[in-house]
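Position chain U relative to chain B; hints supplied.
Number of protein chains: 2
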Amino acid sequence: WCHEKMSENGLMSRAKVLTIDTMNPTVKKVEYAVRGPIVQRAVELERELSEGMKKPFVEVIRANIGDAHAMGQQPITFFRQVLALCSYPELLNDSTFPEDAKSRAHRILQSCGGNSMGSYSASQGIDSVRQDVARYIERRDGGVSCDPDDIYLTTGASDGIVTMLKLLMCGEGAARTGVMISIPQYPLYSAALAELGAVQINYYLNEENCWSLDITELQRALDEARLHCNPRALCIINPGNPTGQVQSRECIEDVIRFAAKERLFLMADEVYQDNVYADGCQFHSFKKVLFEMGPEYSNTVELASFHSTSKCYMGECGFRGGYMEIINMDDDVKAQLTKLVSVRLCPPVPGQALMDLVVNPPQPGEPSYDNFIKERTATLSVLAEKAKLTEQVLNTVQGISCNPVQGAMYSFPRITIPKKAIEEALDKGQQPDMFYCMKMLEETGICLVPGSGFGQKEGTYHFRMTILPPTDKLQILLNKVKEFHQKFTQQYS
Amino acid sequence: WCHEKMSENGLMSRAKVLTIDTMNPTVKKVEYAVRGPIVQRAVELERELSEGMKKPFVEVIRANIGDAHAMGQQPITFFRQVLALCSYPELLNDSTFPEDAKSRAHRILQSCGGNSMGSYSASQGIDSVRQDVARYIERRDGGVSCDPDDIYLTTGASDGIVTMLKLLMCGEGAARTGVMISIPQYPLYSAALAELGAVQINYYLNEENCWSLDITELQRALDEARLHCNPRALCIINPGNPTGQVQSRECIEDVIRFAAKERLFLMADEVYQDNVYADGCQFHSFKKVLFEMGPEYSNTVELASFHSTSKCYMGECGFRGGYMEIINMDDDVKAQLTKLVSVRLCPPVPGQALMDLVVNPPQPGEPSYDNFIKERTATLSVLAEKAKLTEQVLNTVQGISCNPVQGAMYSFPRITIPKKAIEEALDKGQQPDMFYCMKMLEETGICLVPGSGFGQKEGTYHFRMTILPPTDKLQILLNKVKEFHQKFTQQYS
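Chains as they are written, first to last, in our numbering: chain B, 1 to 493; chain U, 1 to 493.
No lab work stands behind these hints, which were simulated from the structure alone. Bear in mind that the values here come from a model prediction, so they are computed numbers and not experimental data. Be aware that one or more of the hints could be misleading.
Straight-line distance between alpha carbons at most 25 Å, and here's what the computed PhoX-like set of lysine-lysine pairs gives [to be verified]:
| no. | chain 1 | residue 1 | chain 2 | residue 2 |
| --- | --- | --- | --- | --- |
| 1 | B | Lys28 | B | Lys16 |
| 2 | B | Lys28 | U | Lys166 |
| 3 | B | Lys339 | U | Lys428 |
| 4 | B | Lys388 | B | Lys480 |
| 5 | B | Lys28 | U | Lys339 |
| 6 | U | Lys374 | U | Lys388 |
| 7 | B | Lys16 | U | Lys288 |
| 8 | U | Lys261 | B | Lys16 |
| 9 | B | Lys482 | B | Lys457 |
So here's chain B without its partners, still in its complex pose (with noise of 0.2 Å):
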C-alpha cells in the first residue's frame, strides 16, 4: 500500500529502515504458540461471528492459554478488597471494608513512597514484601529459612525467568552458554534462548511414564550437547506445563544431585505449586529438597526459583506479580542482578501488592479468614474435579491417550492422526498437529494448541487443553472434541 501510494504521488519508492532483512535475526526465530497463528486465527473468527457470519459453532472457546479469570473463575475477594483500598485510599474510611483488609492495605501504603502505588518502589521490589515472601517460603519449606535479600520481585514469573537466563549467556561457538529445558517445554523457555542466542539442549520427559523426569536421559542430552556447547543451566518446570505431571521428592534430589555434579546452575519454575490435584501427589518445593539434603548440596548448588500471582487459586495473571529466590548466587553476581533489574525502574507495585496478599493472606480469627479459606478451597477443587473429568473423557476416545493431570492446569494429550492427514499437512507446510487443531478450530470454535508449539518426540503429536472452562462447559467441549476427532479420524482413514 505505501509503495503504490508513493508511485502515485510520483516519489521515489525507498527502502525501510528496517526491513525483515535487517531487523535482529535472534527476534525473528523466536516462536511462541500459546498466542501463535492459531490463536490470531481464534481472534478472527471472533471478530467474524460478531460481524453476523455464519460459522458451524456460536462462539470460540479459548482453551489455549492458562487464562483462569477469562474463563470465569473468580477472584479472591480480600485481594480485591485490598487492591481497591490501596488504589483509592478514601475508601479506608468506608466501614463495608472488613478491618483486616485495611490493615493490609495501610501496610502497604505504608511501604509505598508517598503511601502512593503511583511511586517507583525499590528496583528489588518493596522491602516489607520481600520480607513477607521470605516468611511465607520458610512456612512453605518446613522453617528452611530463607532471606528478604534473595528475593526479587518481578512482573509476572517470565520476567524473573528471562532475567536469569540473560544472565547465564556468555561465550561463543562451542564455548556458548546452553540451557537443558524439557520436552515438552512451555514456549518461553525457547523463546528466551532463541532472542539470546543460547543453545537449547533438550531433555525428553517420559510420556509412557506420566512424564516423568529420568536421570538418564537428562544425561544422554547434557554429554552429546557438551560436544557443541557449554551447558550451564538445568530448567524444571514442577507441576509441569504442559504435562500436568507432579515431581516426586525422589525425582528431585536426583534432578539436585545430577546439577551438582555436573555443575549446571538450576532454575525451577514452581508457578503451580498450589496446583495439585492426584492423589498420593504432593508439591516439594527445590530450595526444601535442596535444604535437607545437607550442606554439601545447600551450600553450594546455585537455584533459582519463580513463582506469580497468575496461577494457583488466584489467576490474577493481569496484574503481573511474581517474585523469584536465588540461593548460593555468587555476591558479585547479585550485585551486577540488582543493577540489571535497576534499569526498568520497577515491577508493577499492584503486582506487588498483590504477591504480598497471596505469600500473607488472611489469618485465622480475622474477619476475613473464613470467606478467604472457602473461596480458595472452592476454586482448587473445581479445578481439582475438572482435571479428572478431562483426563477421563480424553481416554474413551479411540486415538487419544491422556496421562493424568496431576497438576498445573492442562491436558496434553497424545493423539493419533492417520496418514492421510498428515500427508496433506506436509503438503500444505503445516505441522500435523497444527493442522488437526486449525481444523478443529475451524469446525467446532475450539482453540487448543498443537503439540509441535511445545516439543514432542518426534513422530507423535499432541495438543495442550487448559482444565479452565467452567465445569459445564468443559463437558461441552470435551465431547466436541471426542467428536471433532472421530471425525476426522474417519475422513483421513
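Chain U only, in chain B's frame:
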C-alpha cells in the same frame, strides 16, 4: 562466607557455576546512574537515621528520580476511583462514586476477559484502550489520523524503547547497529545499548544555547560513526531529560529532514509531553510535525514515539503504564514485533487501564470534569512554579549555572569544581561530580545524580536535580545546595 563455611564443614570448595567472570559480559557493561551507588548510599543513610545514628541532617531528600508521588504529589482522584472500581467491581453499587467513574470502569472491565483485570489482555494491549489512545493522538495532533493497529501498550515507556532498540540490532563488527543518542541522555538508552551490544553514537546538545539540538552536530556524530558501525536510529527526548529543554517546531522539522536524508529510524521519547512550563515554549509531537511536512516525509520516515503514565500531571510511575505508536513500519517487521511482545504475554492490566484514563479523561459536562481540571491544573502550575524557582535560586550561586527548565521535571545545572577537588576525586578513582554529589549527600542528606551518569562534554560537570519536592522543601533544598556549594568551593580553593 560461603567458602569459609564449606571449609568448616570439611567440604570441598567448589567454584560457582555463575561468577563475575562467566556471566553475561554485556550485562556487566550496563550502568544506570539514576539508581546507582549514590542511591544505594542514600538508602543506607536512611536506615542509619532510622536506627538513631547521628547525622548532620534529619532526613534524606531524594531529588534523584522523577518519582512525583514519592515527593508528595497527589494522584488524580478520578483515575484512582476508576482503578478501585475495576479492582473491586462490587463498588459499582456504591452510590458515593461518581457516575462517569463507574461508566469508565464498566467500559474497561467489559474489554477484559471475564470482565476481570486479572485476565491477560491481548499482547499488544486491550483493543478499546488502543482505540482511545489513537483518538487521543488525533486530538493532540490536530486531526492527523492514527490507527489503533499502530499502538502497542507497554510496561512503562522503558519497555517500549528497549523493545524497539532490540528490533534494530543487526550485524557484527563495522556493520554493527549504531544508535544516536543525545549527550546528556537518560541512561536507560546507554544501558539498553550496552546490554544489546549496540554502538552508542553520542551527539552533544548545546548547553550554551539552552541545550538545543544542532543539525551540524548530528551530522558530525553520524559521519564519524559511519567509519566504524552502521548507524540506523536516532533517539530524541523532548521535552528533554535530564536537560529540561523543549524543542522548537523548526528543530523537529530539521531532525526529521536529517533522518529522512540519512535513512535513520526515529525514536521520539515524548513522556514529558504535558510538562512544558516556559513562556513561548510548546510541545510539538514528532508525529504531527512529520505529517505536516507532507507525504514525502509522512509516507517514508519510520518513527516510534513513546508515552507513559509515569510523568506529566499523573506521576503514576508504579503502575508501569505506557504506549508506543509506530509509524511507517514495514508490515513484516510489525508482525515480528507483535510476535515478540506476545512472549511476555501482556503489559500489566491496571497500567493499561490507567493509560486509558489518561488518554480519555473526564469530559466537559461529566460529573468529575471540574475536579479533574482543577487537580491537573494545580499540579502543572506548581511544577511550573518549581521549575522557575529552581532555575532562579541555582543561578544565584557563584559556580553554578542553570539553563531555564523549560519542561520535563529536572534541572541539569553546570557546576564549577575546584582543581583540588578534581584531583582528590581522581585519586579516589571517582568522577569529580560523583565525588561532589556523594559529599553533598553525606553532609546535607540531599540525593542528586552526578552529570557523569548522563554524559557531558569532557571537562564539564553537572548534576541532575528533580523539581519535584514540595515547594517549601524545595526552597530548603536549594538553599542547602547553595550553602554546600559555597563551602565545598571554599574547602578546595
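**Request:** Take the C-alpha atoms of lysine 28 of chain B and lysine 339 of chain U, compute the straight-line distance between them, and say whether it is at most 25 Å.
**Result:** holds (9 Å)
**Item:** Restraint status (C-alpha distance of lysine 16 of chain B to lysine 288 of chain U at most 25 Å)
**Value:** With a Cα-Cα distance of about 20 Å, the restraint between lysine 16 of chain B and lysine 288 of chain U holds, given a limit of 25 Å.
**Prompt:** Taking only the CA atoms, is the gap from lysine 28 of chain B to lysine 16 of chain B under or equal to 25 Å?
**Reply:** It holds: about 17 Å lies between the C-alpha atoms, which stays within 25 Å.
**Prompt:** Taking only the CA atoms, is the gap from lysine 28 of chain B to lysine 166 of chain U under or equal to 25 Å?
**Reply:** Given pair lysine 28 of chain B, lysine 166 of chain U holds - Cα atoms ~11 Å apart, limit 25 Å.
**Prompt:** If you draw a straight line from the CA of lysine 482 of chain B to the CA of lysine 457 of chain B, is it 25 Å or shorter?
**Reply:** Within the cut-off at roughly 23 Å; holds.
**Message:** Hint check: lysine 374 of chain U vs lysine 388 of chain U, CA-CA at most 25 Å. Holds or violated?
**Reply:** holds (21 Å)
**Message:** Would the hint linking lysine 388 of chain B and lysine 480 of chain B be met if the CA-CA limit is 25 Å?
**Reply:** Holds. Lysine 388 of chain B to lysine 480 of chain B sits at ~17 Å (cutoff 25 Å).
**Prompt:** Are the Cα positions of lysine 261 of chain U and lysine 16 of chain B separated by 25 Å at most?
**Reply:** holds (12 Å)
**Message:** Check the hint pairing lysine 339 of chain B with lysine 428 of chain U against an upper bound of 25 Å on the C-alpha distance.
**Reply:** holds (22 Å)
Checked against the numbered hints given earlier, this structure breaks none of them.
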